[in-house]
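J.: Take a look at the letters that make up each chain.
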Amino acid sequence: MIETRGLRKSFRSRAGRETKTVDAVRGVDLDVAKGEIFGFLGPNGAGKTTTLRMLATLIEPDGGEATIAGADLRKDPAEVRRRIGYVPQGGSTWDESTAREELVLHARMYGISKADAQRRAARALDAFQLTEYADRKCKTYSGGQRRRVEIALGIIHEPKIVFLDEPTTGLDPQSRAHMWDEIRRLRSDGMTVFITTHYLDEADALCDRIAIMDNGEVVAEGTPAELKREISGDVVLVGLDLAATPQAAQALDGEPYVNKLETADEGGLRLYVDEGATAIPQVLRRLDHAGLELRSIELHRPSLDDVFLTKTGRSLRES
Amino acid sequence: MKFARDTWLIFQRQTQLLLRNPVWVFVGVFQPVMYLLLFAPLLKPALNAPTQAEAYKIFVPGLLVLLAIFGGLFQGFGLIAELRAGVIERSRVTPISRLALLLGRSLRDVVSLIVQAVIITLLALLFDLRVFIGDLLLAYLMLALIALMTSAVSYGVALKVKSEDALAPLMNTVAQPVLLLSGILLPLTFAPGWLQGIANWNPFSWAVDGTRSLFAGDLGSDKVWQGLSITAVLAALGVYWAARQFARSVR
Ligand SMILES: Nc1ncnc2c1ncn2[C@@H]1O[C@H](COP(=O)(O)OP(=O)(O)OP(=O)(O)O)[C@@H](O)[C@H]1O
Ligand SMILES: [Mg+2]
Chain S
1 MIETRGLRKS FRSRAGRETK TVDAVRGVDL DVAKGEIFGF LGPNGAGKTT
51 TLRMLATLIE PDGGEATIAG ADLRKDPAEV RRRIGYVPQG GSTWDESTAR
101 EELVLHARMY GISKADAQRR AARALDAFQL TEYADRKCKT YSGGQRRRVE
151 IALGIIHEPK IVFLDEPTTG LDPQSRAHMW DEIRRLRSDG MTVFITTHYL
201 DEADALCDRI AIMDNGEVVA EGTPAELKRE ISGDVVLVGL DLAATPQAAQ
251 ALDGEPYVNK LETADEGGLR LYVDEGATAI PQVLRRLDHA GLELRSIELH
301 RPSLDDVFLT KTGRSLRES
Chain B
1 MKFARDTWLI FQRQTQLLLR NPVWVFVGVF QPVMYLLLFA PLLKPALNAP
51 TQAEAYKIFV PGLLVLLAIF GGLFQGFGLI AELRAGVIER SRVTPISRLA
101 LLLGRSLRDV VSLIVQAVII TLLALLFDLR VFIGDLLLAY LMLALIALMT
151 SAVSYGVALK VKSEDALAPL MNTVAQPVLL LSGILLPLTF APGWLQGIAN
201 WNPFSWAVDG TRSLFAGDLG SDKVWQGLSI TAVLAALGVY WAARQFARSV
251 R
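Those sequence lines, one after another, are chains S and B. The opening residue of the first sequence carries number 1 in the working numbering; numbering runs sequentially from there. The opening residue of the second sequence carries number 1 in the working numbering; numbering runs sequentially from there.
By construction, these hints were calculated from the structure, which means they are not laboratory data. For clarity, every value in this text was computed on a predicted model and none was experimentally measured. The C-beta atom is built at its ideal place from N, Cα and C for all residues, glycine as well. Possibly wrong hints are sitting among the right ones.
Said to hold, decoys possible - Short derived list, chain S residues pointing at chain B, Cβ under 10 angstroms: (1) E3; (2) T67; (3) A69; (4) G70; (5) R74; (6) A78; (7) H106; (8) Y133.
Unchecked claim - A short list of chain S residues far from chain B (calculated; beta carbon distances all over 10 angstroms): (9) G16; (10) D31; (11) S92; (12) R108; (13) S175; (14) H198; (15) V235.
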């Protein structure tokens, strides 16, 4: 559905006398399949919005190419526009109009007839539970209501692909969960959804596949499960008294399911295993057999943050 | 066809929003009326005109051109607000014609100017101004072209500078000399030679002269076609340039 090769963009900005060049996006290759929710995860300034704006024909790439829903981004941007929807990060509604007016206008900008636009607006308002506020000015909406209007705008013409730039930023947990449901509904309608986010849990729970972006480059791509598996497997933390630790280490070292074993200074072991859930019962049995008493046992599954950490040397939570 | 439809769509939307704001409507109608009622009485003695009607023949066309210039030049502010709200970006991801995005807005400005002009003309009729309808319509065409040019340029500049802080001084700097050197408020007939020399380079000076000739019933005067051609060419250039700004990247 989306295929990009070597997409690049740099900006020149002036600070006082000096002209500085910011390489916002430096060669991005992506392949997004039809009907998936594709997530673009990265810290502030990673280049997510810049990439999206290029794919949405808003800015011209400095280099590289892209095919979007079968249309060539460089040769036929007009056709790309007809096939995509785009919901910008910073909002897109006008304070003095109502949600219904915005929806009708936006549909008509795609060449849809007035009557059809009105029908579509009514349906979208209903689907996004906005009917109650439909004829109030946008400036009276809450952040979450406004975000829903903006997403409804992005899909009013039933595009093949919709780009959502940080659709849930600023929403409370409940509204976020609702938004996730709505995004999943778009997928079940057959739409391809491309979202950006800097929430790890969102990328993990919502996206079928993700690309992790840092500093203008894609540093990892795959399903959340693949990415996590790729780095280290699971870690089992075994809590033991300091005295019992060496014996336990001896007992577990060389067990076939343990890839690597570390002892902690204050007592206890870290076992690196492929599959934590099946390793734990075996660990318990082995220690019981050796007559060792353990205080606690804990399973640590790698998070996307661990993935980010191994790929970039920084934690996404810190950056 | 698509282009006409797109332009109409934007024009409708912009007009609807304008009418929704009562302050704008009030200011738009009231300001020119104030000029006419409070400033015009000073004119007969100042212009040394034989009658009040003669004074109006000189003053009203100047006032109308003034409104056309200013009505257009400051429209960019509204566009910057739209830019900030993301409305322009939202429009630019749709296949709507880029020229229509500009022209729909500029035509709204032209129509609201013409409405103002009609109100002023009707009021001036009460003060014994007399002008042929054909001449008047040509004068309105001139005003429409001026407003089209200034509003297009204002939108184009707004898209380039993207901030009110830059747009305001810029537009003021442009407007002031243009205004002073066009003989809008007082004709330049008595100006010293060097001042007239400079004024010859000011297209608005030609526009004002043309409009005055029309109000004087002097349809055959060279000034009429000169003024109309100059404003038409400039309006076309302004629209072309500003539409390109809409097509280019914003932000
Ligand atoms: N118009 C511009 N002019 C100059 N620099 C820009 C421009 N747009 C973006 N940048 C720079 O490009 C880099 C990438 O910005 P971008 O908006 O794509 O990041 P992002 O991943 O969307 O971040 P965020 O999570 O904060 O939205 C940043 O360093 C930013 O300052
Ligand atoms: Mg962004």
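J.: Taking 10 angstroms as the cut and beta carbons as the points, is G16(S) off the interface with chain B?
T.: 17 angstroms, holds
J.: Measuring from the C-beta of G70(S) to each C-beta in chain B, is the shortest one below 10 angstroms?
T.: 16 angstroms, violated
J.: Close enough to count: is the Cβ of A69(S) nearer than 10 angstroms to one in chain B?
T.: Check failed: Cβ of A69(S) comes no nearer than 14 angstroms to chain B, outside 10 angstroms.
J.: Is it the case that S92(S) keeps its Cβ farther than 10 angstroms from each residue Cβ in chain B?
T.: Per Cβ check, S92(S) is inside 10 angstroms of chain B; nearest 4 angstroms; violated.
J.: Beyond 10 angstroms from chain B, beta-carbon-wise, is R108(S)?
T.: At about 6 angstroms from chain B, R108(S) fails to clear the 10 angstroms cut-off, so the statement is violated.
J.: Please verify that the nearest CB of chain B lies beyond 10 angstroms from V235(S)'s CB.
T.: Correct as stated: the minimum Cβ-Cβ distance to chain B is 44 angstroms, above 10 angstroms.
J.: Does E3(S) meet its interface restraint, that is, does its C-beta lie within less than 10 angstroms of any C-beta in chain B?
T.: 20 angstroms, violated
J.: Grab the minimum C-beta distance from H106(S) to chain B and call the hint holds if it beats 10 angstroms, violated otherwise.
T.: Interface hint status for H106(S): holds (7 angstroms vs cutoff 10 angstroms).
J.: Does the CB of A78(S) sit less than 10 angstroms away from some CB of chain B?
T.: OK, holds: A78(S) within 10 angstroms of chain B, min 6 angstroms.
J.: Quick one, is the T67(S) hint okay against chain B at 10 angstroms, beta carbons?
T.: 18 angstroms, violated
J.: Would you check whether Y133(S) satisfies its interface hint, that is, whether its CB is within less than 10 angstroms of any CB in chain B?
T.: 18 angstroms, violated
J.: With d taken as the least Cβ-Cβ distance between H198(S) and chain B, does d exceed 10 angstroms?
T.: Answer for H198(S): holds, closest chain B Cβ roughly 20 angstroms.
When each numbered hint is compared with the structure, violations occur for hints 1, 2, 3, 4, 5, 8, 11, 12.
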